[in-house]
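Engineer: Given the coordinates of chain A, assemble chain B onto it according to the supplied hints.
The listed protein sequences correspond, in order, to chains A and B. So in my numbering, the last one in the first sequence is 321, and the numbering has no gaps at all. So in my numbering, the last one in the second sequence is 222, and the numbering has no gaps at all.
If you're looking for bench data, these hints aren't it; they were derived computationally from the structure. All residues carry an ideal CB built from backbone N, CA and C; glycine is no exception. One or more hints might be untrue.
What the hints assert, rightly or not - Chain A residues, not near chain B, derived (Cβ > 12 Å throughout):
(1) V26
(2) V48
(3) L65
(4) T99
(5) D120
(6) G186
(7) A215
(8) Q248
(9) P276
(10) Q295
Unchecked claim - Derived Cβ-Cβ restraints for the label pairs, each shown as a range:
(11) A:D120 x B:R65: 26 to 34 Å
(12) B:V164 x A:A9: 18 to 26 Å
(13) A:R282 x B:R65: 26 to 34 Å
(14) A:M1 x B:V81: 53 to 61 Å
(15) A:D189 x B:T71: 29 to 37 Å
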Amino acid sequence: MIEVLSTGALNTVQDRGRFGFLNVGVAQSGAMDSSALAVGNILLGNPVTFAGLEIAMYPFKVKFLDTHVFAVVGAHCRMTLAGAPIPPQWICHAKPGDTLVIEAPVKGVRSYICFAGGLDVPTVMGSRSTDLKSALGGLEGRGLKRGDTLAVLAAPALLAKGGVTAPSSVSLSAAQIRVTAASEHGEFDNETAAMFFSSDWKVTQESNRMGIRLAGPILTPRRKIEMLSHGILPGTVQVPPSGQPIVQMADANTCGGYPKIANVIDADIGRLAQLPVGASFRFIHVTHDEAVQAQINIEDALDRLRSVVDAGDNAIRKFEE
Amino acid sequence: MPNLNIEPALSVAGTRGIFLNAAEAQFDSRVQRKILALASMVTELPFVSEVVPGVNSLLVVYESRKQGAITLMKQLSQLWVEAPDTEIEGRVFEIPVFYGGARGEDLADCAVHCGVSIEEFVRIHSEGEYRVACLGAMPGFPYLTGLDSRLTIARRSTPRLSLVGGSVTIGGSHAGVTPCTAPSGWHVIGHTDTPLFDSSAAVAALLKPGDRIRFVSKGIES
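So here's chain B without its partners, still in its complex pose:
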């Protein structure tokens, strides 16, 4: 595989953050593998307090009273070159999904929009293999990549003010599952009973970046 010739942009993100942006217009899975490898390397650096992977980007929070921004940026540039972009195995999670029904009310519209039958839409969605790019926006929410391009749908023009937790969603080229009730501009195509976040657990979020997800159809509700 040829070397990845992306020079990430580094910038100061306020008093105690550095933002490394390697994003082009479209998501790149090799860039994301490099981002996740970089994230674990950066965690080991002195004075780094939080490392937050985004989609093809990384936010590093550090003790700016003790470490210079320029020094940290140089370290990040150097580590970016060293970070491998090799495929990682990742843990596999199967998430049972009840498609359609009252808790998947956009399913029929999504199928029409994509020009396929509801059954075909569900088949394509549940046959895909997804990967957690990163967590964010709300506790334990995974940004999933790997959505079949036939199912890509622009986000809703009017976001829902409240979407119940456990919703299986599609937003643009991402798939998602919501851990908790929150506003959402994504389309809801079904629901799952798998809990994704428990603030009282030793590890609160079920998923972590790099994990693989399979949706298992438990049927289509009308």
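Just chain A, same shape as in the assembly:
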């Protein structure tokens, strides 16, 4: 068991997501930076489907009530366990009574605490992810609050020690977010389309797990577009009447009615999720083939990470025999 000592209401239980129910209006949800959660799970020998904590409000403090093995991946934060600094992407062993403290990030936004065995909250429609908008899944469909206790499922003993370098979504320099063109991109004239790619877009305060709202030049289509409601996926860049784009994220509505100028490629959704309020970035146009290849590269890197961790674990087992 773990006990939350200090948190914000937007910190939630998340796994990879709730798939297969867009047609009944249920959002995908899941970790905003899904590869960070995957790295944490792989490092601990967990399947990538296991649930961890997504931390977006700091400082976050949690007390371990039992012996637990955990790892923190994602935003770059100062962290301590029982008062001693711990590195990110590192297999950490907590004793009963130890407190983990995660301070506000120096880079990035979202941290993922993964536990060997994964968090034990009820599975709702195939997932443990919290959908805050629909009050579904996670811990009673809500964000964490002080005093919450969460159970961790039993896990086989993990012998591997130390940490790994792994692909990260946290941008160290000015970010570029790759997009493919979306169905209504032709409704914007060449000048507006050029502006979309040549302008700096700023992440605004009104951003959350449903969508990242951007500030920049006003994008106006050639004519007023009213669309009938249609299915959309996370990553969809909509242009509402205000002309300020909204990128739909994990908890997005399954249906939208605004024209869509672009789609952030799957490989870059986590990178966008790691940009703090006030950060600027540019959109870069890529082909659909490039978008698919970028995702394959991430999945392959995660597969390689899994082999490295497994090899390390096996080596220790052999040595100890």
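Structural biologist: Chain B in isolation, oriented as in the chain A frame:
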């Protein structure tokens, strides 16, 4: 009936989606029948993971690592031609509605806007037969078509930040019933106790596209 000569627009919707848009300016019930027929055909295709009907459109989510976008688009074009637009029977659901009152506070304004009495407004709304075009926006929310054109009202200029679940609503030319508490720009004319969504049930959403809905008046509250 003449053939439906609509060439849907196909486009890539990000890394793992294809968007088929057959929408014109106004909703077309024949197009929607074709969309729903297409949806069930597409579910059978290899590498397709989710099929999401919209209003006169279809979003197909697929495993883009295993299937080319062009191949899938060709399959969709072909299936669109084959998809029947024949009327389907659909299941019939009766939804009891308590009109007006605190949980239907836009009823009087809507009646004034439409130039009819409150009783007449309720009669027209409850005599209509509605069809579920698709589900979306929130868990189990049905986009209902078939609203009498006399009751069409543009959405509220200022959406409510929170509208309680079970609200019976009108937005533009659509009727709706909200399964859960959520923000809404639609007008609320009454409420129902019929639950539309239960995440713990084997089938979470009560309704599915193609179902028919009748609203049964349980009275008008002032």
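Engineer: State for each hint whether it applies.
Structural biologist: Structure-based check of all given hints:
1. With a minimum CB-CB distance of about 5 Å to chain B, V26 of chain A fails to clear the 12 Å threshold, and the non-interface call is violated.
2. Chain B leaves V48 of chain A outside its interface by the beta-carbon criterion, the shortest separation being 15 Å against a cut-off of 12 Å.
3. Distance to chain B confirms L65 of chain A as a non-interface residue, since its nearest Cβ pair spans about 28 Å, more than 12 Å.
4. Taking the minimum C-beta to C-beta distance to chain B, about 34 Å, the non-interface status of T99 of chain A holds against the 12 Å cut.
5. Distance to chain B confirms D120 of chain A as a non-interface residue, since its nearest Cβ pair spans about 17 Å, more than 12 Å.
6. A Cβ of chain B approaches the Cβ of G186 of chain A within 12 Å, the least distance being about 9 Å, so the stated non-interface status is violated.
7. Against chain B, the non-interface label of A215 of chain A holds: every CB pair exceeds 12 Å, the least being about 21 Å.
8. With a least CB separation of 10 Å from chain B, Q248 of chain A falls inside the 12 Å interface cut-off, contrary to its annotation.
9. For P276 of chain A, the shortest C-beta to C-beta distance to chain B comes to about 24 Å, beyond the 12 Å cut-off, and the non-interface label holds.
10. Not every Cβ of chain B is farther than 12 Å from the Cβ of Q295 of chain A; the closest lies at roughly 6 Å, contradicting the non-interface assignment.
11. In this structure, D120 of chain A and R65 of chain B meet the distance hint of 26 to 34 Å, their C-beta atoms being roughly 31 Å apart.
12. The supplied range of 18 to 26 Å is met by V164 of chain B and A9 of chain A, whose beta-carbon atoms lie about 21 Å from each other.
13. For the hinted restraint 26 to 34 Å between R282 of chain A and R65 of chain B, the CB-CB distance of approximately 27 Å keeps it satisfied.
14. Between M1 of chain A and V81 of chain B, the C-beta spacing of about 59 Å keeps the proposed range 53 to 61 Å intact.
15. Judged by the Cβ atoms, the range 29 to 37 Å given for D189 of chain A and T71 of chain B holds: they are separated by roughly 32 Å.
This entry does not satisfy hints 1, 6, 8 and 10, going by the numbered hints stated previously.
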